[in-house]
Amino acid sequence: MNGNAVSTLTDPLPPAERVVPLRHPWTWVASAFALMVAAGVFTSVATNPAFQWPVVAQYMLDEQILGGLARTLELTLAAMAMGLVLGTALAVMRLSRNLLLSTISWLYIWFFRSVPVLVQLIFWYNFGALYPKIMLRIPFGPVLYSASTNAVITPLTAALAGLGLAQAAYTAEVVRAGIVSVPRGQTRAAMALGMRPATIFVRIIFPQAMRVIIPPVGNEVISMVKSTSLVSVIALAELLYTAQLIYARTYETIPLLIVASLWYLIIVSILSVGQHFLERYYRHHT
Amino acid sequence: MTEPMVRIRGLTKRYGGREVLRGIDLDVPTGSVMCIIGPSGSGKSTLLSCINHLERIDGGKVWVGGELVGYREHKGRLYELPERHVARMRQRVGMVFQHFNLFPHMTALRNIMEAPMRVRRVPAAEARQRAMGLLERVGLASRHAQFPAQLSGGEQQRVAIARALAMDPQLMLFDEPTSALDPELVGEVLAVMKDLARSGMTMVVVTHELAFAREVGDALTFMDEGMVVERGHPRAVLTAPQEQRTREFLSRVL
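These protein sequence lines map, in sequence, to chains A and B. As numbered in numbering that gives the first Met the number 0, residues 0 to 285 make up the first sequence, in order. As numbered in numbering that gives the first Met the number 0, residues 0 to 253 make up the second sequence, in order.
Isolated chain B (complex conformation):
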């Protein structure tokens, strides 16, 4: 069997004394879409931030593309890697945030060009051309000169997806990408994500959009109180949940 894109074993994470992740095991095969659902405070977003080491982990291990994240293993000990090594790893992992986090002082185009130019040293003309291509892909070519504040929430999130794709990631992490959007704008963002999934991108999506999980997801994980409660094929988990807690959650949100 081939190495999964993401492999997580025994992951724990504490904030102060509170354990927010309590021994997570998770595999995301290359080219698949993993959706993670669960009540707020269940640790889903924290789990996502541990995959690209935006959060330091307290125990367990995370591998992306077969490479240990954030640490170097030597003689049975884990040594924390310097920030520049971690930064290199993060180039391969795109992330999309609930509140978009576009750079407000740059145009849509500039937002997308920035990382390739500053991190990869791509020449400006080439970065611009690629950025325009990506804007076209998310249907926003005509909006390239706008600043984030001049775009709707849905447009901002599509630019944010294009920005992440500009680094040619092997893996995309989505942290509740539609939760901050007005209901009528959710569809356009999900459409871009569906398109991305169809193109074979490996994706981990923390979401409340159960319909999206059912339609696009290859696997579904239900988390509660820092643990994986149930996992399986989306249709199976959503229509015939095995665990009591999953049933309770689904009855509340459906």
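Chain A on its own, in the form it takes in the complex:
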């Protein structure tokens, strides 16, 4: 902070002899080898007709594929939003002084992190077998709402439940770590100014916790983009399942998988750039 070391030396420095940096010949050998392997793979992929690149090009902007892509993005967004909101609530519960609240949160996190998301998806999809009817009623009182489970739990709601509820468990741990990372003195200072607990959380604690929360949540978003492909098992037409639907008809399996993969690559690349800027924004002033 205060390193103003003023040089008082007035003698001219002796002319320095030329510095010869250490050579690394083996690095060059390894680089050449890696380049050769990469070039081999690239040539093989580009020239092997079985990849059917013209078919890939044909389907890249296919209407059905773009529809699946939109569904994948929707699912990612909705499941992450659900995960963040519910996860923050779980994190606050987990940090509560009330033993019941923190235990419930702990149990939730334990359960939803332990059961594979794939199993959860299939489970929610078959929820109707467990409870044929869903009702909302006041205990010992009138029924406010009632519907057949199969009407409520569509593939979309099952997908959202499976992905969102599991994501909340992961996000809760991330948010908790973020909240805990804010020094206790911040809360004390805010309390001493007469701020109420809700104001302190929203204005003081959460913005500072964001710095710790953003990088892992960014990773979770990227991982969620790919997790949505699990939803293909419950016949929801997101990107992968759309590709599968097409190749089931045309038998162009490989090119369509490449189409899906290319789209995943594009989305994740864009998200990675976004994450980079978001991290820089939150790192800036602290």
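Simulated from the structure, these hints should not be mistaken for lab results.
To give an idea of the interface, some chain A residues facing chain B are shown, with a C-beta separation under 10 Å as derived from the structure:
no., residue
1, Gly184
2, Gln185
3, Arg187
4, Ala188
5, Ala189
6, Met190
7, Leu192
8, Gly193
9, Met194
10, Pro196
11, Val201
12, Arg202
13, Pro206
14, Gln207
15, Met209
16, Arg210
Listed next, the stretches of chain B that the computed footprint assigns to chain A, with coverage defined by at least 3 CB atoms under 8 Å from CB atoms of chain A:
no., segment
17, 74 to 86
18, 97 to 110
19, 161 to 171
Using N, Cα and C, we set each Cβ at its ideal position, and we do this for glycine too.
Starting from the structure of chain A, add chain B where the hints point.
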């Protein structure tokens, strides 16, 4: 006799099984400066945190401006007040911390504007104007756009004082305000505090700066092991301590 700004009777506080405050009685008259000295672990900082109820007390009573702190008395029983009531009381009591505790994600100006805007609902333009005035008062008007990390320790502490003053407190609590500062930065903070004392602010200052206590303090309290050992006029206590423990402490720090 008028009601003192701070009145403490029989205050006790435990951490686990350890009693850190063991029956404190203390009066701070309105407009006076009370300095509290004592070895580390003597309970001085805890005592300060009990005055604005940042720490829950285990026994005794604390009044600020004639109002019972943190509790409501009804038919001989004390009922703990909800946080929002306590928060309202805290608006009248400013506090300055050893480690400044400025909000690192806000500029100096924003740090000062935040509580008036969020707690008092003061319009932004008005809060900004007042905050600039306070920054000027602590000699930092030109630094208003800086973030805490870009300020020196002394500057951060002056911003922290301005932040506390923004709520128009009747009482200011200082918890070792210069202990975390490089020696050459202590003076600027003490100067702001002296200025504040001269303006008639009631202050309770936990400090190791005996020279400040002698010059600015109207009363001095020496604490040890959770009790008030000796109190009196600063000059008297510092030059002619009556108690053996005070003498021992002073001989160690002087």
